[in-house]
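*Asks:* Please work from the sequences and hints to get the whole structure.
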Amino acid sequence: MNAPLRRVGVVVMILFGLLFANLNWIQAYKADEYRNSDYNGRVQVAEYDRKRGNIEVGGTAYAISKDTGGKLRFLRTYPGGAEYAHVLGYQPVNGTSTGIERTENQFLAGTSDQLIGDRVKDMFTGNKTGGGNVLLTLSKRAQDTAFKQLRDNQVGATRGAAIAIDPRTGAVQALVSMPSFDPNPLVSHDTTAASKAYNKLEQDKDRPLANRALSEVLPPGSTFKVVMSAAALESGYTKQTRIPAGASWTPPTSGTPIKNAADSICPQDEVTLIQALTESCNTGYAQLGVKLGADKVKEKARQFGFEQDDLTVGQLGEGGLPVAASRTGEMTAPDGATDPAALAQSSIGQRDVRMTPLQGALIAASVANGGSQMRPYLVKQLLAPDRTTSYYTAKPRELRQPVSGQVAADLRDMMVSVVENGTGKSARIQGYTVGGKTGTAQSGPGTPDHGWFIGFALDRNGTPISAVCVELEQAGSGGSHEAARIAGKIMAAAIADSGGR
Amino acid sequence: MTAAAVPAASPASTGEQPGVRLARSRRNAELSLLLLAMVLVAAYAATVEANVLDTVTTDFWVPAATLGLVFLGLHLVIRWLAPFADPALLPAVALLNGIGVGFLRRYDLAQAAPEEREHLAIFAGTGGRQLAWTLGAVVLAAGLLAIMRDHRSLSRYAYTLGLAGIVLVMIPAVLPARFSEINNAKLWIRIGGFSIQPGEFAKLALLAFFAYYLVRKREVLSLASRRLLGVDFPRGRDLGPVLVVWLISLLVLVFEKDLGTSLLYFGMFVVTLYIATERVSWLLIGLVLFFGGAYLAYVLGSTVGGPFANFYLRAEIWLDPFGDPYDKGYQLVQGLLTLGSGGLFGAGPGGGQPTLLPEVQTDFIFAGIGEEIGLFGLSALLVVYLLIVERGLRAALAVRDSFGKLLAGGLAFTLGLQVFVIVGGISKLIPLTGQTTPFLSAGGSSLMANWLLIAVLLRVSDGARRPVAAGGPAARPAGGPPEQLHGAPTEVIRP
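Top line first, the protein sequences correspond to chains A and B. Heads up, the first sequence is in full-length UniProt numbering, so the first residue is 1 and it goes up one at a time. Heads up, the second sequence is in full-length UniProt numbering, so the first residue is 1 and it goes up one at a time.
Among the hints, erroneous ones may be present.
Said to hold, decoys possible - Simulated DEER-style distance windows between Cβ atoms: (1) A:D204 x B:D320: 26 to 32 Å; (2) B:D320 x A:L72: 27 to 33 Å; (3) A:R151 x B:S195: 55 to 61 Å.
Note that these hints are calculated values from the structure, not bench results. In this text, a Cβ means the ideal position worked out from N, Cα and C, and glycines have one as well.
*Replies:* Okay, structure coming up:
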């Protein structure tokens, strides 16, 4: 029996060898992955042991850490509640963090390479210095106005978004997504209560957790006519060029006629380009699009920022909140050639054209800033835990130049005309020049239309102060009018915060 | 089965030739190793306190010293009753047991409120209870050494033990779930606040029976055969007992919802069968039957469900634990993350977060310890286990009678297999099953059963290493039941 006993000894050694090899796999090869896994509570226990830095807006902290003395020592609290939820995000005990809490996590937690000096100092002094502080570009008044105006909108919309940026720098002045949520229950150290709160929000059909201002794409409707106008102006048209219009126009290949929102809009055979934009003349722009051709329309949209799928809004270097790509969609028939009907509908921002609110604001901002589109950003400054040293200060940079200065000036006049004489009158601000474009987009058969407004405000010297996009999902009749009104209020608040009247 | 039955092994007779015994018994080596093990356990306790309390209390050494006294007592009993027993077994097991108690106390500290930690009573909590169980288990082991002066006397009770084993296995299966089910496995007998795991003891009883049965049947099992594809296969009628054990282990799998126990019983049986018959075909048949059965249970679980659903679920978790990391896969995922967080060197004793891992005091204790002592520490623990198993097999090689060989070989292998099943389970090498980690996991049943197992190994190794002149088992005409074993052929030692 000794031979099999020896073999059994070898078998046991092989079994233990397998255990040893497997432990090597887990504790050596996979160790880093497991150690930093989202499911690993240790990451948090260690993180929660150090006071996380503040996230501040205009000198007020809207994300702070309070010492509880529990196993997880510091509790994150968000005094701003729902108003700042989509920008700040939240840092739950279990599960993934979002917003600035996620993108600036290392600096806030104090584990960033930039803060290595503080960590070394801690080793000698025995203190536990907290994480660094993140200062945001938001304007408190603009954010406040955007949140309240959107929530109390007069058309009863339950979903929507508003975003305002400084056209000269790209700094985000306000960013609101409706409906919002209170992030505080989600970061409770009672993880059962936290996940219950999360599941409730997750299952809400209005998707309060989604950041609509950056990630929701909807048909832009007539706001897309600004892009169309830019394409036309660059193809030799002027503001005064007369373009074919009419009460109704049927594209060559399709039996479905394109009509205007009301019979009073551009019933005549021809209108000037500026008049077409001011009145939001569908038949004019549909024919203009077919005349310019799909390539030109798509190319111009791309130059404004459509089709970019890797834009982020945070710091100007790397990282930040992801932005969904806006798309112009297909305009070809099955045989590969341009489908005039699709092109005509796309030209008035319907069909497969999809735009994020941020993209709308960027279009308005580019026009206001002389054709130069600045890269949007949210993080103004990173301050050391002791608040004396600054580790990062945003240096605004141009993202792209969609139109020349001349075309931008013409577009500006045309958009100002929209607010002064046309569909965007409710956006007007006393003492400032406001330009913009309304949009009413069909959302589908049997559902109310989306209301849009993109616009900008210039001071007396023509310096742009704010560019904004407001979107009210399925707002129905009067949606774009209400969007324009809210946009005016937000821009007025941004003006007030930047030292204006 | 007392000194009367086997007179040569009585203390009086062993005291006759002190010179020979002192030179070869290696009891002093055992004592030094034991002291070293207890120093390690004390050092572990000190490190835990330094990490958890930021200070080392003046009585950090008390649990280690208490354990040391208990093991010293066993050492003295071995000196007296089994002077030629293997000197490495006791220190190795003592080290594991000590680390287990130390870790459980460390877990108590983590559970206590921060302000109470420094004043946590030594004998309170899971750690204190484990200390008490250790005392009980060691007393039991010493008692077994005292009663069983010759391992062959066990064979006298083979059928009784076999029946007791089967009854012990079956009780939890037939009891209503509220008396037998904990954490979804029906492995317990629960009366009031007290619960025991009869399966832990059953494996010892069953093994003694297997060893006896196979010694009697080994000739027919190894000789009568049919040759197929170059491998000798047994006759159909000889397959009977194997199929019965196979069926029992499948019933365990289905009704007690426990793959680990099932694998343990079956592996134990097949390996003793293989040792007895020296026939590889038995291993092949065993492997095919087990994996075939497990696969069938998996398929049935996915289609029919019912009693097979639990096994199917466990297999699914094993295949993709991160598929449902917060619910079904939670335990395994947390176990893997705990092990991974330990990395190569670990967080240091007391430096980890054992409270984040469910069942860390029982099934997952190896992962909990692994977070703090890292890959290097766990490798050392595995080596200690391997040492125990290989020492057991060595005793089996050296002992002269077939029953002793099968008994020691089977027990040593069973211990190794149990370590493989639970450590492999928590590290996702095989599907996770609720086995205890021998000598580490909190719980009296497991501790007692495994210490009894060690006592049997000590007894067999004593018989194996005892010089023939001093009255080794092979030299004496054994009276009574061991005589039955004379029918077994003399073992030919092969080169």
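*Asks:* Does 26 to 32 Å hold as the CB distance between A:D204 and B:D320, or does it fail?
*Replies:* For B:D320 against A:D204, whose Cβ atoms are near 29 Å apart, the range 26 to 32 Å holds.
*Asks:* Given the hint of 55 to 61 Å, check if A:R151 and B:S195 actually sit that far apart at their C-beta atoms.
*Replies:* holds (57 Å)
*Asks:* Is it true that the C-beta distance of B:D320 to A:L72 lies inside 27 to 33 Å, as the hint says?
*Replies:* The hint (27 to 33 Å, Cβ to Cβ) holds, given that B:D320 and A:L72 are roughly 29 Å apart.
Hint compliance for this structure: no hint is broken.
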